[in-house]
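Peer 1: The chain contents come next:
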Amino acid sequence: MTEISYQNQPWPVREDVIAAQQRAWDRLGQAGTWLTGAERIAIATETRNAPACKFCQARKAALSPHAVEGSHDHTGQLSGLEVEQIHRIRTDPGRLSRSWYQGLCAGGMVEERYVETVGVIATIVAIDTFTRALGMAPWPLPAAVPGAPSRHRPVAAKRALAWVATLPPEDAVGTPDEDLYAGRSTVGHIYQAMSLVPAEVRGFFDLVTNQYLPPAAMRDFDNEYRAINHAQIELVAGRVSALNQCVY
Amino acid sequence: MTGDAAMGGGGVAHGAELIRFATAVLGDYEAELTAARTAVAHAIGFAALSDTAAVAALFNAIDRVADATGIPLEEEKAAATADFRSAIGIDDFAAASEKGASA
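Taken in order, these protein sequences are the chains called C and X. Residue numbers for the first sequence follow the working numbering, so the first one is 1 and each next one is one higher. Residue numbers for the second sequence follow the working numbering, so the first one is 1001 and each next one is one higher.
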């Protein structure tokens, strides 16, 4: 097991951040909902490899990603579709499009696997970016744990909100995924984004709660919860999102 | 937020240092990241540096969740931000036409 520890660093890291990152790291290597542990680790590895891909670098620099032809530099562990998904999300997320996603589906991409892969990519990016920001090397990936994916698909998930199917909050009530939105009938779209694979929502938003803020704290401007205040937090969040050209 | 004017800090305490650090975290230059990190630590301390890194890292990830799944902006947010989205250039992002409130 890879132990997440910042003991030898000059910068103190909150215990709740460390604990959340450890939970996320342990979950990476375990069988997920649609992916085996080995597949999840392969995706994590490819996510780390993507920034060095020359094809991705050329596409990123081009006025349009469609203006460049070529093939990805990859680890050889995943299919071409999976590599394209991982590399585009990792290196050029701001220019992803519905037609790009539909092209993956037309090529055989399985929607549930796609969403779980998004969750794995997000987990790696959240933790690797943190360690780099503090001047550290990335943590060694965990070993893959044998086991079968659960193959749980929310019965009420449907394609209405986004490119991928999502579970509407009002339809989660009375289902095994009722806890996903804590009983709320309306939630922000970002909470619903990966709801086709509820385990990815629960896992990633554990990181959100601890690296960013818990939901109740986000608009509690009468209190501060971090060593930086709400305005500073949102300034940093906004700058990062602007650099990523994230409209949402 | 979206251009060189962001480097001024937006009227937020130590905003310039925070913007510089967030920019460097997403950048490719290790020397600049080191300098920006040091500047934040000197300005607001080690605990604040760690929390800033956590926020920057989390949003580098959550942006990808939003962009990879194609979730649209909520209608109420789109309405509330319509005036300044254009002013600060968000409507010029490549995906704006696809991922606005009506997408």
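Since the hints were made in silico from the structure, they are not lab data. Some hints here could point you the wrong way.
[Unchecked claim] Which bits of chain C does chain X cover? Going by a derived footprint, with three or more residues having C-beta under 8 Å, they are:
# : segment
1 : 30 to 41
2 : 95 to 101
3 : 112 to 122
4 : 136 to 148
5 : 151 to 161
6 : 168 to 177
7 : 181 to 195
None of the values given here were measured: they were computed from a predicted structure. Where is the CB? At the ideal position from N, CA and C, for every residue including glycine.
Peer 1: Output the indices of the hints that this structure fails to meet, ascending.
Peer 2: Result: hints 1, 4, 5 and 6 break, sorted rising.
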